[in-house]
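Student: What follows is each chain in one-letter form.
Number of protein chains: 2
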Amino acid sequence: MKQEKIFRTPDLEGLPRLYRNNLINSLSGFKSANLLGTADQQGNANLAVFNSVVHFGSNPPLLGFVTRPNVVPRHTYENIKSVKYFTINHIHTSFSRAAHQTSAKYEKQVDEFDLCGFNKYYSDLHAAPYVKESKIKIGLKFESEYLIKENATILVLGRIVEVLIDEKLIGKDGFVDLQEANTATISGLDAYLSTEKIARYSYVRSIQDIEEIK
Amino acid sequence: MKQEKIFRTPDLEGLPRLYRNNLINSLSGFKSANLLGTADQQGNANLAVFNSVVHFGSNPPLLGFVTRPNVVPRHTYENIKSVKYFTINHIHTSFSRAAHQTSAKYEKQVDEFDLCGFNKYYSDLHAAPYVKESKIKIGLKFESEYLIKENATILVLGRIVEVLIDEKLIGKDGFVDLQEANTATISGLDAYLSTEKIARYSYVRSIQDIEEIK
Chain U
1 MKQEKIFRTP
11 DLEGLPRLYR
21 NNLINSLSGF
31 KSANLLGTAD
41 QQGNANLAVF
51 NSVVHFGSNP
61 PLLGFVTRPN
71 VVPRHTYENI
81 KSVKYFTINH
91 IHTSFSRAAH
101 QTSAKYEKQV
111 DEFDLCGFNK
121 YYSDLHAAPY
131 VKESKIKIGL
141 KFESEYLIKE
151 NATILVLGRI
161 VEVLIDEKLI
171 GKDGFVDLQE
181 ANTATISGLD
191 AYLSTEKIAR
201 YSYVRSIQDI
211 EEIK
Chain B
1 MKQEKIFRTP
11 DLEGLPRLYR
21 NNLINSLSGF
31 KSANLLGTAD
41 QQGNANLAVF
51 NSVVHFGSNP
61 PLLGFVTRPN
71 VVPRHTYENI
81 KSVKYFTINH
91 IHTSFSRAAH
101 QTSAKYEKQV
111 DEFDLCGFNK
121 YYSDLHAAPY
131 VKESKIKIGL
141 KFESEYLIKE
151 NATILVLGRI
161 VEVLIDEKLI
171 GKDGFVDLQE
181 ANTATISGLD
191 AYLSTEKIAR
201 YSYVRSIQDI
211 EEIK
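First to last, the sequence lines map onto chains U and B.
Here our numbering is used: the first residue of the first sequence is 1, the next is one more, and so on.
Here our numbering is used: the first residue of the second sequence is 1, the next is one more, and so on.
These are computed hints drawn from the structure, not numbers from a lab.
A quick note: this is a predicted structure, and the numbers were derived from the prediction, not measured.
Where hints are given, some of them may not hold.
Treat identical chains as interchangeable: a pair holds within one or across any two.
Here are the simulated lysine-lysine pairs, BS3-like style, with alpha carbons at most 25 Å apart [stated by the list, open to error]:
1) Lys120 x Lys168
2) Lys108 x Lys149
3) Lys132 x Lys5
4) Lys172 x Lys81
5) Lys197 x Lys141
6) Lys120 x Lys105
7) Lys108 x Lys197
8) Lys149 x Lys120
9) Lys149 x Lys84
10) Lys168 x Lys5
11) Lys197 x Lys2
12) Lys81 x Lys132
13) Lys81 x Lys149
14) Lys84 x Lys168
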C-alpha cells in the first residue's frame with residue numbers, strides 16, 4: 001500500500017534548511033531553464049541561470065522572473081536596472097552543465113560567458129548579450145518590478161522586443177517545438193531533464209470539444 | 001545553414017492573434033502542470049488547470065500563480081478570495097488529457113472533478129478539495145495578491161500549509177523525484193510532455209566546484 005507523507009506547517013518549520021529548500025523547491029512542478037544575459041554601463045557582460053522565468057502575457061508580450069537582490073549582490077538585477085535591457089536564452093540539454101556553472105558566486109568583473117564556455121551574440125537593437133549557442137533568444141526591455149513583501153524577493157517584468165529563433169522550430173500556428181529544440185527543464189534547485197511529447201490538445205470550449213492536434 | 005527568424009516589436013504586433021499567442025506562450029520555456037482545487041462558501045468544488053504556478057520562497061513556503069480575473073468569470077480566483085484556501089495538485093502524464101479538459105469554460109455550478117473524472121480528497125485542515133489521483137498534493141492559504149498593471153493579470157500568492165506526498169518520491173535531502181512521479185510539463189498553451197532526467201548538479205560555489213550528484 002502506498003505510504004503518504006504529510007507535512008504541515010510545524011513539520012515544515014522544523015525541517016533542516018537544505019532539506020526544506022529541496023522539498024519546497026520541488027513542489028511547484030517543472031520549471032523553465034534559461035540563461036539571463038546582461039551588461040553593465042561599461043559593457044561588461046554577465047550571464048546567470050534562472051529557473052523562475054514565467055509567461056505574463058502575449059499582448060503586450062511580457063515575461064517575468066523572480067530574484068532576491070537584497071541577500072547577496074545580484075549582478076543580473078543591477079545591470080537590468082542600470083541598462084534597461086536583458087536577454088533570456090533557452091538552456092538546451094547539450095549545455096545544461098555549463099549553464100548551471102553560472103550559478104556560482106563570481107566577482108562582478110567575472111564574465112560568465114567566457115568562464116563557462118558560451119559565446120556572445122549582439123543584435124543592433126540593444127546592448128545586452130545573447131547566448132549564441134541558444135536556438136531561442138529573447139531580447140527584453142525592463143518594464144516594471146513588483147516587490148514581494150513576504151520575503152523581499154522582486155518580480156521583474158520585461159517586455160519582449162526581439163525574438164531570434166531557429167526557423168524550423170516554429171509551426172504554422174506559431175507553436176514552438178521546445179522538445180525538438182532540446183530545451184531543458186529544471187526540477188527543484190539543481191536537476192535538469194529532457195522532455196518527450198505526449199500530445200497537444202485543441203483549445204477546449206466544452207467537454208465534447210477536446211481532441212488531439214495531429 | 002541554419003535559418004534564424006527574427007521578430008521585433010512591429011512584427012509581433014502584426015501577427016494574427018492565435019499565432020502570436022502560441023509563439024509568445026512558447027518562449028518562457030517549459031511550464032509547470034497543475035490542477036488548482038477550490039470550493040465556494042457552499043462547498044461546491046471547482047478544478048482548473050494552470051501552467052503558471054511558480055516557486056516564490058521556501059521560508060516561508062510560498063507558491064504563486066497568474067490569473068486574469070477581469071476577462072471572464074474566474075471561479076478559481078473568486079473561490080480563493082472567498083474561502084481563503086486552495087490546493088495545487090500535480091498533473092501526471094497518465095491524466096494530462098483529462099486535466100486539460102478542465103480548461104473549458106464551464107458554468108459555475110459545474111463540478112469539473114466529476115465532469116473530467118477526478119476524485120476529491122479532503123483533509124481536516126481546510127475546505128479546499130484535493131485531487132485524490134495526484135501523488136503530490138499541496139494545500140495553501142491565500143497570502144496576498146499583486147495586480148500586474150500592464151495587463152490587469154493578478155499574481156496570487158499562497159502559503160503552503162500542508163503537503164501530501166507519496167513517501168517513496170522523497171530523497172534523503174528532501175528532493176522530490178518528479179520524473180519518478182510522472183509529473184507532466186506543459187509547453188505553450190496546450191502541449192503536454194513527460195521528462196527524462198539528465199543530471200543533478202551539486203550546489204556551485206566556484207568553477208572548480210561543480211559535480212554531478214550520483
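Student: Indicate, hint by hint, whether the structure satisfies it.
Tutor: Verification of the supplied hints:
1. Lys120 x Lys168: within (22 Å within a copy, 43 Å between copies)
2. Lys108 x Lys149: Classified as neither; 27 Å inside a copy, 33 Å across copies.
3. Lys132 x Lys5: Between copies only: 14 Å across chains, 45 Å inside a chain, cut-off 25 Å.
4. Lys172 x Lys81: This pair counts as neither: shortest intra-copy Cα distance 37 Å, inter-copy 40 Å.
5. Lys197 x Lys141: Answer is neither; intra-copy 32 Å and inter-copy 34 Å both fail.
6. Lys120 x Lys105: For Lys120 and Lys105, the Cα distance is within 25 Å only inside one copy (20 Å; across copies 45 Å).
7. Lys108 x Lys197: Neither, since 40 Å and 32 Å both go past 25 Å.
8. Lys149 x Lys120: neither (35 Å within a copy, 33 Å between copies)
9. Lys149 x Lys84: both (23 Å within a copy, 19 Å between copies)
10. Lys168 x Lys5: Result: close only across copies, 9 Å inter versus 45 Å intra.
11. Lys197 x Lys2: between (28 Å within a copy, 24 Å between copies)
12. Lys81 x Lys132: within (23 Å within a copy, 45 Å between copies)
13. Lys81 x Lys149: Result: close both inside a copy and across copies, 19 Å intra and 19 Å inter.
14. Lys84 x Lys168: neither (31 Å within a copy, 46 Å between copies)
The structure shown violates the earlier hints numbered 2, 4, 5, 7, 8, 14.
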